[in-house]
Structure formats: C-alpha cells, structure tokens
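S.K.: For the protein sequence lines, the chains are A and B, in the order given. Anchor point for the first sequence: position 262 equals 262 in this note's numbering, and the numbering is continuous, going up by one each time. Anchor point for the second sequence: position 15 equals 15 in this note's numbering, and the numbering is continuous, going up by one each time.
Worth flagging that the hints you see were computed from the coordinates, not collected in a lab. Predicted model, so just to flag it, every value in this text is computed and none were measured. It is possible that part of the hints are untrue.
What follows is a list of derived Cβ distance ranges for each label pair [stated by the list, open to error]:
(1) Val81(B) with Asp29(A): 42 to 52 angstroms
(2) Gln96(B) with Ala235(A): 25 to 35 angstroms
(3) Ala264(A) with Leu93(B): 54 to 64 angstroms
(4) Lys171(B) with Glu240(A): 46 to 56 angstroms
(5) Val21(B) with Arg190(A): 42 to 52 angstroms
(6) Leu93(B) with Asp39(A): 40 to 50 angstroms
(7) Val259(B) with Pro125(A): 26 to 36 angstroms
(8) Leu93(B) with Ala70(A): 53 to 63 angstroms
(9) Asp147(A) with Pro121(B): 53 to 63 angstroms
(10) Pro125(A) with Ala118(B): 33 to 43 angstroms
(11) Leu93(B) with Asp144(A): 39 to 49 angstroms
(12) Arg190(A) with Val259(B): 29 to 39 angstroms
(13) Leu202(A) with Leu93(B): 26 to 36 angstroms
(14) Ser154(A) with Val21(B): 51 to 61 angstroms
Here are the simulated lysine-lysine pairs, DSSO-like style, with alpha carbons at most 27 angstroms apart [claimed, not checked]:
(15) Lys171(B) with Lys120(A)
(16) Lys41(B) with Lys60(B)
(17) Lys261(A) with Lys44(A)
(18) Lys171(B) with Lys126(A)
(19) Lys171(B) with Lys98(B)
(20) Lys201(A) with Lys120(A)
Glycine included, each C-beta is placed from N, C-alpha and C at the ideal position.
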Amino acid sequence: MSPGKTSSAVETGLTHLAVSLRAVTKTYDNGVMALGPFDLAVRKGEFISLLGPSGCGKSTVLRLIAELSAPSSGIVRVARHEGEALPGQVLPGHGIGFVFQEPTLMPWTSVRENVRLPLKLAGVPKADARARADAALASVGLADFADAFPRELSGGMKMRVSLARALVTDPGILLMDEPFAALDEITRFRLNNDLLALWRKLGKTVIFVTHSVFESVYLSQRVVVMTARPGRIQADIRIETVEPRGEAFRTSAAYSDYCRKVSAALAPSYSGQSTL
Amino acid sequence: MSAQATATTKPQGVQRAMRLVLPVIVFAAGLIAWELVVRIKGIPPYVLPAPSVIVLTLIKDWAVLSQSLATTLLTTLEGFVAASVGGIALALLFNQSKWVEYSLFPYAIVLQVTPVIAIAPLLLIYLEQQTAVVVCAFIVAFFPVLSNTTLGLNSVDRNLAGLFQLYGASKPQTLRFLKLPAALPYILGGLRIAGGLSLIGAVVAEIAAGTAGAGSGLAYRIAESGYRLNIPRMFAALLLLSLAGIVIYGVLALVSHLVLRRWHESALGKEN
Chain A
1 MSPGKTSSAV
11 ETGLTHLAVS
21 LRAVTKTYDN
31 GVMALGPFDL
41 AVRKGEFISL
51 LGPSGCGKST
61 VLRLIAELSA
71 PSSGIVRVAR
81 HEGEALPGQV
91 LPGHGIGFVF
101 QEPTLMPWTS
111 VRENVRLPLK
121 LAGVPKADAR
131 ARADAALASV
141 GLADFADAFP
151 RELSGGMKMR
161 VSLARALVTD
171 PGILLMDEPF
181 AALDEITRFR
191 LNNDLLALWR
201 KLGKTVIFVT
211 HSVFESVYLS
221 QRVVVMTARP
231 GRIQADIRIE
241 TVEPRGEAFR
251 TSAAYSDYCR
261 KVSAALAPSY
271 SGQSTL
Chain B
1 MSAQATATTK
11 PQGVQRAMRL
21 VLPVIVFAAG
31 LIAWELVVRI
41 KGIPPYVLPA
51 PSVIVLTLIK
61 DWAVLSQSLA
71 TTLLTTLEGF
81 VAASVGGIAL
91 ALLFNQSKWV
101 EYSLFPYAIV
111 LQVTPVIAIA
121 PLLLIYLEQQ
131 TAVVVCAFIV
141 AFFPVLSNTT
151 LGLNSVDRNL
161 AGLFQLYGAS
171 KPQTLRFLKL
181 PAALPYILGG
191 LRIAGGLSLI
201 GAVVAEIAAG
211 TAGAGSGLAY
221 RIAESGYRLN
231 IPRMFAALLL
241 LSLAGIVIYG
251 VLALVSHLVL
261 RRWHESALGK
271 EN
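Between the sequences and the hints, there should be enough to build the whole structure, so can you do that?
M.R.: In structure tokens form, the structure reads like this:
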C-alpha cells in the first residue's frame with residue numbers, strides 16, 4: 001500500500017471544492033482497516049453530515065482532513081481558506097476549525113483564554129487575540145462568560161465555548177465530531193438552530209459527524225451515509241427544503257420523508273452482519 | 001440565547017467546624033489521661049514524663065532546642081528544594097526523551113527502594129556532614145516528585161493534545177500551555193508528600209550522624225538526650241519535630257489549595 005498524500009489547493013487547483021478525498025483508505029497499526037476506499041467531495045460553503053454506525057470511520061475522515069492523521073493510501077485535498085491572515089502569515093489551524101465530541105477545554109484557565117488559545121499558539125498579539133476571542137464568544141452568545149472557568153458552565157455552554165474556539169481563527173472549514181451527542185435533546189435542538197444561524201451568517205464549509213438520523217437531516221444540505229467498518233459510502237442524500245430552516249421543518253412531512261430515506265440507507269449496517 | 005452559571009454552594013459550616021473541633025477534643029482527652037496516669041501512679045520523669053513536665057522542659061531548654069530546630073528545618077528545606085527541582089527536572093527530561101527515561105528510571109527506583117538509613121553512614125564517610133544530611137533528605141523526597149510529575153505529564157487529555165497539534169503548537173508551547181498545567185495537580189501532590197519525607201530524610205541522616213558523635217539538629221538532640229536519660233527533653237524535641245512536620249504539611253496543602261481552587265476537583269467542595 002503506497003503512503004497517502006495531503007496537498008494544498010494551490011498546487012491542486014481546487015476551485016469550488018473545500019475538501020476532496022479520493023480512494024482514501026486508513027489502516028491502523030494494529031491491522032484494523034477503518035476506512036475505505038472512500039471518496040468524498042465537499043463544495044465550499046456546503047453543510048454535510050457524515051452518518052454511520054459506531055466504528056465506521058466517521059471520525060477518521062475528520063482526522064484525515066484535519067491532518068491529525070495521514071491516510072494509508074489515496075489523496076486528501078483541502079482548500080486552505082485565507083481568513084483574515086495577512087500575506088505571509090501562517091493561519092492558525094491551517095484554515096480548519098475542529099469541534100470534538102467532548103468540549104475539550106483546558107480546565108485550568110478562563111473561557112476567554114480557552115478561546116484565545118489557537119491565536120496564542122500562532123503568536124497573534126495579546127490585545128488583538130483577546131478582542132477576537134471576545135467576538136467569537138459573543139457570536140455563540142457567551143459574551144458575559146469570558147471570565148468564567150469551564151467548570152462553572154453547563155454542558156451546552158461548554159460546547160458553545162468549544163465552537164467559539166473553533167471559529168476564532170475564522171477558518172473556512174469547520175469539522176465537527178458528534179459535538180452535541182452528549183447533550184440533552186432540548187439543549188441539542190437549540191444548539192442545532194444556533195449552528196444553522198451561524199453557518200448562514202458566516203458561510204463556512206461544515207462537515208458534521210453524527211449518529212443521529214434526525215440531527216443529520218435537520219442540519220445538512222447533504223447526508224452521506226456510511227457503511228460499517230471499513231467505512232464506505234452507502235448513500236449520498238441531498239436534503240432539499242425551504243431555507244432558512246426552522247422548527248417548522250422539524251415537524252414537516254418532508255422532514256419525516258427524509259428521515260425515513262436516510263434510515264433506510266442506514267439499515268444494512270444494523271440489520272446485516274453484527275459488527276459489535 | 002440565554003445561559004446561566006451553576007450556583008456554587010457554600011460549604012457546610014457545621015461539618016467544617018467538627019473537622020477541627022473533634023481532633024482537638026481527642027488530643028486534649030489524651031493529654032489529660034496521660035497527665036493523670038503519670039501523677040496517680042507516680043511514674044518518674046526518666047521513665048515517662050508528664051505532658052506538663054515536657055512543656056516546662058521545652059521552655060527551659062528553648063535556647064538549645066530552637067537552635068536545633070532551625071538546623072533541622074534548614075536541612076529539610078534544602079533537601080525539599082533539591083528534591084522538587086531535581087524531581088520535576090528529571091520528569092521533564094524523561095518526558096522529552098524515552099531513551100533517557102529507559103536509561104535512568106531503574107536507578108531512580110533503586111535509589112527509592114534502598115532504605116536511606118542504610119545509605120546514610122556511607123554518605124557521611126564520603127561527604128561533608130551537612131551535605132550528606134541534605135543528600136539523604138533529597139534521596140528520600142525526590143521520588144514522589146519524579147513519579148507524580150511523570151504521571152501528570154502523561155495524563156494530558158488526548159483530545160486537547162490533538163487540538164494543540166491541529167493548531168501547530170511547538171514542543172515548548174505544548175509543554176508550557178498544556179502539559180505543565182495539566183500536570184500541576186499531580187506535581188503539587190508529589191510536593192506535599194516530599195515535604196514530609198524530606199523531614200524524615202533529614203532526621204534519619206542526623207541520627208546516623210549523631211551515632212558518629214557529631215551534629216546539632218533536633219534528631220541529634222533526641223539521640224543525645226537518650227544517651228543521657230534526659231527523657232523529658234527527648235519528648236520535647238520529638239514534639240517539635242511533629243509540629244514541624246504538621247506545619248510543613250499544612251503549608252504545602254494550603255499552597256496546593258490556593259493554586260488549584262478555581263479549577264481542580266481536589267480543591268473543590270464535595271457537594272459540587
């Protein structure tokens with residue numbers, strides 16, 4: 001198996017695509033093949049969900065795009081967004097924001113310092129970085145909590161901080177790995193709406209990993225359903241509805257139809273051979 | 001979008017007071033019983049001195065004892081500082097290079113498991129007395145600092161480490177902004193153990209030095225008073241040693257609490 005390769009948009013001429021994965025596979029050191037071959041093209045500004053059973057390699061896809069791990073074979077291409085970086089200045093996070101399953105906050109420092117971290121690591125001057133951190137916090141509705149410590153916040157608020165931190169570098173691409181899975185449903189619904197509002201306002205490309213059929217249909221323009229390990233694409237379903245979406249969509253007949261369709265695509269992975 | 005901070009509940013006053021009051025009551029009861037037994041049975045002071053006699057001796061011999069206390073405390077402090085700096089530095093070195101860790105860690109364990117009382121006489125032969133005593137305190141105290149710091153540096157949240165990687169953090173940045181803060185509770189735990197242990201190390205070495213007929217620390221006073229059957233002074237010196245140990249532990253626990261109180265579970269009230 002030849003080693004995989006990751007290259008930037010400049011040399012590959014990615015124009016309308018934010019992310020492109022071609023024949024990508026990932027085999028872990030212990031010999032487990034987690035992914036592939038897997039193909040995926042995500043347009044700039046698109047909101048897509050990756051949906052699939054546990055262990056199907058959804059998170060692996062995000063880690064490959066974020067260059068937190070390298071593909072075993074195939075090509076991963078990511079269009080680097082220029083953001084607000086000045087010419088010659090390296091953009092922190094290479095134009096990618098990552099929201100993990102857990103809030104993943106540093107418990108020993110304030111909310112503001114947590115959000116400022118990506119800028120601090122990139123050497124952005126303190127005053128500037130603080131202003132941008134406060135702006136990011138305001139965009140997720142936590143302007144008043146900049147000086148609080150993470151433990152003083154609820155689960156939903158911690159997730160918002162995590163989102164603010166991902167947004168603070170103004171990345172073109174937002175990768176979200178089951179960010180709301182641990183939250184109660186009411187908090188999740190509210191965060192779903194807030195995320196959609198932010199997406200409409202900021203025009204980021206969002207790749208959202210979830211194992212909730214309902215969440216994926218509600219949020220995304222495209223739901224990519226993956227098979228059980230090694231993950232491949234089972235179905236690629238476009239969700240077309242009146243934008244902007246709101247609570248009315250959640251109760252509409254079209255929503256139920258899409259949920260049924262996505263569930264049907266997911267069925268082989270839980271009705272077929274047992275993988276757990 | 002509305003959100004609210006969870007209210008921090010006040011610690012329960014009664015329970016807090018009892019934690020202080022109960023040990024004091026037990027202590028007072030023990031002292032009274034001791035005093036009564038000695039007086040009723042007429043036990044001579046060279047067998048078992050009454051608490052009142054011990055206190056009087058402490059006052060009478062304060063000039064000698066306070067001098068010795070200062071000597072022992074200085075030794076303890078030097079041993080503690082050496083152990084803290086050495087333990088943390090070695091743990092950082094181990095964390096940076098696996099090869100260094102593989103090469104040296106077994107010897108750290110050897111140093112730890114060999115009883116210091118057995119090493120002390122040797123050190124007293126090869127080193128100047130004061131240096132030997134400090135080295136003993138260091139040997140006893142550095143291992144908990146080393147192992148706790150190592151544990152702390154390896155306990156970094158995997159996702160946080162990934163985040164630092166994603167944002168291109170350099171090695172020094174990762175160390176300073178991620179690994180050291182994450183290890184801090186463990187380091188402070190190690191220091192808390194090391195404080196008491198450096199006192200033990202100092203005392204053990206002083207006793208070994210005392211058998212060689214030299215010394216001026218509190219442990220030496222205990223040994224010397226033992227030879228002279230000056231039992232009340234032995235108790236008085238022992239009392240000072242215990243108090244020193246308690247103060248050292250208290251100070252380190254307080255420092256740990258002050259540093260961690262805003263974020264770490266160990267420094268938060270149980271009801272949170």
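S.K.: All hints are to be evaluated individually against the structure, with a verdict given for each.
M.R.: Cross-check of the supplied hints:
1. Val81(B) with Asp29(A): 42 to 52 angstroms: 43 angstroms Cβ-Cβ, so the 42 to 52 angstroms window holds.
2. Gln96(B) with Ala235(A): 25 to 35 angstroms: At 48 angstroms between Cβs, range violated.
3. Ala264(A) with Leu93(B): 54 to 64 angstroms: Holds: the Cβ-Cβ distance is about 58 angstroms, inside 54 to 64 angstroms.
4. Lys171(B) with Glu240(A): 46 to 56 angstroms: holds (48 angstroms)
5. Val21(B) with Arg190(A): 42 to 52 angstroms: holds (49 angstroms)
6. Leu93(B) with Asp39(A): 40 to 50 angstroms: holds (46 angstroms)
7. Val259(B) with Pro125(A): 26 to 36 angstroms: Roughly 28 angstroms apart at Cβ, these two residues keep to the hinted range, so it holds.
8. Leu93(B) with Ala70(A): 53 to 63 angstroms: violated (29 angstroms)
9. Asp147(A) with Pro121(B): 53 to 63 angstroms: Given about 57 angstroms between the Cβ atoms, the range holds.
10. Pro125(A) with Ala118(B): 33 to 43 angstroms: violated (58 angstroms)
11. Leu93(B) with Asp144(A): 39 to 49 angstroms: holds (44 angstroms)
12. Arg190(A) with Val259(B): 29 to 39 angstroms: holds (36 angstroms)
13. Leu202(A) with Leu93(B): 26 to 36 angstroms: The hinted range 26 to 36 angstroms is violated for Leu202(A) and Leu93(B), with Cβ atoms some 45 angstroms apart.
14. Ser154(A) with Val21(B): 51 to 61 angstroms: violated (37 angstroms)
15. Lys171(B) with Lys120(A): Holds, at roughly 14 angstroms.
16. Lys41(B) with Lys60(B): Since the Cα atoms of Lys41(B) and Lys60(B) sit roughly 25 angstroms apart, the hinted pair holds (cutoff 27 angstroms).
17. Lys261(A) with Lys44(A): Given pair Lys261(A), Lys44(A) holds - Cα atoms ~25 angstroms apart, limit 27 angstroms.
18. Lys171(B) with Lys126(A): holds (21 angstroms)
19. Lys171(B) with Lys98(B): Roughly 15 angstroms separates the two Cα atoms, so the pair holds.
20. Lys201(A) with Lys120(A): holds (26 angstroms)
Checked against the numbered hints above, the structure violates hints 2, 8, 10, 13, 14; every other hint is satisfied.
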